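In order, the protein sequences belong to chains A and B.
All residue numbers for the first sequence refer to this note's numbering, where the first residue is 1 and numbers rise by one.
All residue numbers for the second sequence refer to this note's numbering, where the first residue is 1 and numbers rise by one.
Hint data in this document are derived by calculation from the structure and do not stem from the laboratory.
Everything numeric in this text was worked out from a predicted model, so none of it was measured.
Yeah, the Cβ is synthetic: ideal placement off N, Cα and C, and Gly gets one too.
Mixed in with the good hints there might be a few duds.
What the hints assert, rightly or not - Taking lysine-lysine pairs in the DSBU-like style, the calculated list, with each CA pair at most 30 Å apart, reads:
| hint | chain 1 | residue 1 | chain 2 | residue 2 |
| --- | --- | --- | --- | --- |
| 1 | A | K181 | A | K118 |
| 2 | B | K304 | A | K112 |
| 3 | B | K9 | B | K315 |
| 4 | B | K315 | A | K118 |
| 5 | A | K67 | B | K482 |
As the list claims (entries may be wrong) - Calculated Cβ distances over 12 Å to all of chain B for the following chain A residues:
| hint | residue |
| --- | --- |
| 6 | P35 |
| 7 | G77 |
| 8 | T132 |
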Amino acid sequence: MIQLNNVTKNFAGKQAVKGLNLTIPDGKIFGFLGPNGAGKSTTIKMMTGILPIDEGSITLNGMDISKQPMDVKRVIGYVPDRSDIFLRLKGIEYLNFMADVFNIPSDVREEKITYLTKSFGIYDALGDHIQTYSHGMKQKIVVSGVLLHDPDIWILDEPLTGLDPKSSFTLKEMMREHANKGKIVFFSTHVLEVVEQLCDEVAIINNGQVQFQGAMSEMRQQFKEDDNLERLFLELTQNE
Amino acid sequence: MSKTWTLMKIMAKMQLSLAGKSTSEKVGYVLLTLVMLPFGALILSLLNNLISTLYDVLSPTGNENIILGLVFVSVTFLFIFLSISTVLSSFYFAEDVESFISLPFQPYQILMGKSTVPFLSLYGTNAMLLLPVLLFYGLHSEAGAAYYGLAFMIWLLTPVIPFVITAIIVMFIMRFANISKNKDRTKIVVGLLGFAFAIGINVIIRLDSGGNAGEDMAALFMQQNGLLELITKFFPVAYFSSIALTTASTGTAALYFLLVAGLSAGAIVLFMTIGQATYFKGVLGLSGGKRSTFNDKTLDENVKETPLLWSLVLKEVRTIMRTPTFFTQIVVQSLFFPIFLVIILFMESSGSLDQISAMLGSWDGKIVLLALFGLTIVGLGINPASFSSVSRDGKSWFNYLYLPIPARTVIGSKLLIAFALNLVSLLILALVAVFLIGIPVWPLVNWLFLSIIAAWVTSVGGLLIDLYQPKLNWTDEREVFKGRFAGLVVFAIEAVIFGGAIGILWNMSSVEGVWITSLILFTLLIVLTAGCHFGLKKLVDQKYDKIL
């Protein structure tokens, strides 16, 4: 379970996240939506230990990210919103590095690397520098690296950006499979169709505050039953 | 032309802007400038004395213009050397190149924009070196207003030709280098050419001055401008500038000045013409790379478990070796001093090496040790690997924060890299000391032991300063090294601490012998190491998670 209690984050002259409360139960694919600059990435960065929390607390699987950062980081798999990382490494070097970070034994890592990279169709490019990859390939190698250690909680910031339809489908399948195992997939996106098609629960955030949180079905009921999600989203974030 | 001007302005703004720098950083710059002022004054007075002495010696034979010749040749050489890396980085390696190519600009317009900052940065060196020399020369020769007017214009023109020539050569090489398959490696090889160039020029000048130097010199002394012609043999513009200035208020001066101005203008036109034809051929496709084949066998070979610290070190080494800017700024620059020293010593006739050995043999062990130690500090002092430790990661720093890697492991890996580079320089120096100079054994052993600790302290010091004020928000790797005072701060602190200690020990007659001197230096180093580690630990605790 992920729990955010009254989380607040201030930047110079601006409150990016204001007393945010969220509870994400196990076994769900949780969609985190909001317009640009709503505070999505800031929230995710606090959940993963990249940004310190100014007020409030965040616990993942019962562990507080501020108090037990190493333990939390071992159970999460985070795909950042930018894939231009470790550019000077070869694909295989990056995956090996990630496997070293998570202490994955040789035989397991070989098997996982083969499985993940073949599923995403980048196995043949593993000997090349990541810098020479296309945007989509970079995204795929990052996702592969993050999933190597079989993390309990997946935190994915815009994971489908740049993926071709086949890889996008593969990742969505993997997300579903992971949630079915009773684990959490927490992901942010702008693509409303994906949310409708994939999510069990959603939260819509605007100006650093949650506007709505609940199951997809509730969300539809609470607002006009026959409206599409796009209109709903616009309605909730109309002050933008 | 207005488009060219716009590009030049925008590119200068992007690289020189203080935006994003904290107030404390700005205050730091001001304070540092204030601290540097007395140093500047000291250097200026030394320069003035040097010129005064040279002028008095040379003016009776009418050879005083050799001072100008020497200075013009030196700055030309320096400008060429400095421009190689800045031109390469700005024209070819900077990541913004591609975003400009897609805009409707002519190649020469982009080139002019890309030249702005590298060219302007030469004026910093120009103002510090050439300007005072011209001024002091004017004062000593009791020159009139015409001299100063002319001197100022020549001062303005001097960086043009070295910069343009370097740029043309670099463009020419890159035009062909780009054909090769492995772009990154090519970039590194071209970067190394700068290194080879500096050493090559040194070798040529040394070879050229060999032979019956004594007799030739005497003859040249008798002949006006004779020495100047010798010195400026490979740099005609330096010759024209010197003659123009020594004949300041005459028609000859005007003629030679016009020659310098004409050549400079011609060089710019040539640069734009050649650039228009070759720049895009060198730059297009630069970011591409070859595709290799990968199969189960390669996977087997590549997948192995490594301890995390070692894995981080490997990642760091790969990044440095494969990023052309990092490679030239870190590896080449750290090794430049020791390798340069080896080459110079090799080029010396065996006679002078024997002289050095004999001189060292006659010195007290303490003095040998202190001299060697001082030399090491100069060599290790500027260790770009240490003061770029954190900044090198740039916007990717956040990767360390969400991965379960303890802060001390990350910092430890960075420290090891900086230390390893220092160690390589140290080993080269040690080999020189043993095989070329034949330093007595005990001072050598003590020096090596102390230097290894010094190498560690300087690495920790550099890292400490970088962690305190890292530059992560860069778009071009060069920004990690240029326009930052981190390196200078480290060097200044080291100069004060170690320079002071060496000076005191050197003059203290109560401290005698290698062992006592070593013991005192050892104690100092241990105290410094402990202090630096304490500082580093505190800073890591306070800052590591909050850098972003």
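Handout entry: Agreement of K315/B and K118/A with the hint, judged by alpha carbon distance not exceeding 30 Å
Key = At roughly 24 Å apart (the allowed maximum being 30 Å), K118/A and K315/B satisfy the hint.
Practice task
Would you check the hint for K304/B and K112/A, treating anything up to 30 Å between C-alpha atoms as holding?
Solution key: 13 Å, holds
Practice task
Below or equal to 30 Å on CA atoms is what counts here, so check K9/B against K315/B.
Solution key: Outside the cut-off at roughly 37 Å; violated.
Exercise for the section: Decide if the proposed pair is consistent with the structure: K181/A and K118/A, CA atoms, cutoff 30 Å inclusive. Expected result: Since the Cα atoms of K181/A and K118/A sit roughly 22 Å apart, the hinted pair holds (cutoff 30 Å).
Problem - Beyond 12 Å from each Cβ of chain B, as asserted for T132/A - result: 4 Å, violated
Exercise for the section: Below or equal to 30 Å on CA atoms is what counts here, so check K67/A against K482/B. Expected result: 38 Å, violated
Practice task
Report holds if the minimum CB distance from G77/A to chain B is greater than 12 Å, and violated otherwise.
Solution key: Since the minimum Cβ distance to chain B is about 10 Å, G77/A lies within 12 Å and the statement is violated.
Problem - Beyond 12 Å from each Cβ of chain B, as asserted for P35/A - result: 23 Å, holds
Of the numbered hints stated above, those contradicted by the structure are hints 3, 5, 7 and 8, listed in ascending order.
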